[in-house]
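Line by line, the protein sequences are chains A and B. The opening position of the first sequence corresponds to residue 59 in our numbering, with each subsequent residue numbered one higher. The opening position of the second sequence corresponds to residue 8 in our numbering, with each subsequent residue numbered one higher.
Just so you know, not all the hints are guaranteed correct.
[What the hints assert, rightly or not] Just some of the chain A residues that point at chain B, by a computed CB distance under 7 Å:
1) Pro-204
2) Leu-208
3) Thr-233
4) Tyr-237
5) Arg-238
6) Met-240
7) Arg-241
8) Trp-248
9) Glu-249
10) Pro-251
Quick caveat, the hints were computed from the structure, so don't treat them as lab data. Small disclaimer: the values here were computed from a predicted structure and weren't measured. C-beta: ideal position from N, C-alpha, C; glycine also.
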Amino acid sequence: MTPVTTVPFERLDLLVHGTPTVVLAAGDTAAPPLVFLHGAGTWHGWGFAEPWTERFRVLIPHHPGYGDSGDLEGLQDVHDLVLHYVELFDQLGLTADVNLVGLSLGGLIAARFAIEQKHRLRRLVLVAPAGLQGRGVAFEDVFCIPPEQLMGRLVHSMDTLAPHLPADPNDVDFTVDRYREMRTTAIMLWERPFDRVLPRWLGRVDTPSLVVWGEDDRLVPVELARCWVELLPRSTLVTFPHAGHLVLDEAPEASAAVARFCGTD
Amino acid sequence: MGLVDQAEFHFFHFFPYTDLPPDHRERPSLWVDFPNTNYDPKTGHELYNRYLSEMLLADKLGYDGLVLNEHHNTQYSMNPAPNLTAAALVPQTTSWISVFGTPPNLGYPNRLAEEYAMLDVMSGGRLRVAFPLGTGMEYWANAVNPATARARFRESIDIILRCWTEDGPQTYAGDFYTYRYLNPWPRPVQRPYPECYIVGTGSPETIELAAELGFGYSVVFIPRTAQLKVFDHYRERLAAHGHDPTPDKVAIGVMAYVAETDARAEEEFLPHVMYFFENALRTTPRYLNPPGYVTVPEFRKRIQAPDVHGSANWEDLVAINRIVAGTPDKVADAIAGWIEESGSSRLNLNLTLGDMPNWKVVKNTTLFAEEVIPRLRSKKEAA
């Protein structure tokens, strides 16, 4: 598949412990690194990351089993992706002072990565992260949302997604690519959608952290934000009105807040 | 000896729950999420008794066997635990009992090896089994990951075969199951184990597995002509794995209704066939294909194939399935043709389907036994 990119991202093709891995890269190679871990879909573009390229070396890897990256053989759970990123960070020389930003599933991976690899991180940003059950917060399992409703559930306004959707809603390539990404997500999360490591160990992460949420998130509700902030010792919460799960796509202020937080001394 | 001579006729019953609420047509799926408040246990009790009596009638009429299958969360089948039904049939019957079957990866494989061995011992060696992967719907209903279902399926079968072919106690260290003392009692009467099939929908992985293990293969939910290609491929792979591709290795499904005239047969059969395809099978693409249930290339094929779950007209159904309604001559001719074209000597007969009333099941099952089977037998004598 071809992700929609408008700017300057160059495509790096790496082999990460046997897994063909695509990394989109932009910005000055000498600038501080900002790694963005995407959610369970790679199709809605990277426009929100473009402003970051002014101040950061932005690196957007496609997870194994998503987008243009190959499948990780023997994939079992999120921890396999944590190890995949340990290896990728080593390859890219990302040993310290990394700004790590994760959205949704990518937020879960980033949080799990931070628990084990916080020494590599300067800032941690979790954008509407998945994986916490939350006490008293009811929401629908992503696998149970009919596909024809899923796109709408991601955003406050469908205008956000229109440029990234195929003209034909039954487009075979698009449907197959989404199936592959849901398959990878299912391998990791079908049996245990809620992470059992986070509640016990997230308190280890003393990295300065920002939790970002769209107030109209109809996939992973904003009520979960307080659970994350309670668990993360050095965290701040910012929320944005008129924005859904894809808050970075819908609220330019959210994208700017991420850059500001990562750029702060 | 022609293929028809070797044919075995097995009476297949789906045990449907047919008392649907009047507004059921508004629901896109009568599987997975169709509320179980629509199930009335009193009606269920009456239906179990009725369906068991129909199975017993088939046994008395001399059918070679009785066939059961398993589904969950659905009106399509009241057999989420077909071994219980099989156990109820065992002491009252003399024919083969085929459990076609429990997906071995939905529970613990040692337990299924035990249950099948129990049935085989209780029946004195009359059990046959099939291992289905299970429809996509079963993975929404059970706590098993569809994305790893195939690997778990393979491992489950491996464990069951070890239970049946190697002396216990053994140890087993798999990706999904670990056994410290794999030592199930009882062991099956039939040595090394009851005849086994794999039930699939024609995916290459499943065919390869059946061929590798030397199991029979039965295919469901795909058009008749596509099935023929699948059978050819399966037999080729079976031979490649050193197994003899005998006609009993392939089982075909036939929906048949016999009456005094063709017109009467069609009139009596058609509403229940339509009910079966439009209602009993009605579900959504999402439930059919949970994430990872099929490989990515297989998914690409499937979304471009015709949908058989919930929409149908008679002409199309007859054109793509093995469906025949008519006089004994017509039905016998059609079936002889299907036996020859598929190279199969195992027929799983749906002589009852959907909301067919008991009198029609009795009439059809009796006429088929008394008028169709002898005609097929006499074909071989004439030939």
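Problem - In rising order, the numbers of the hints this structure does not comply with - result: 2, 10
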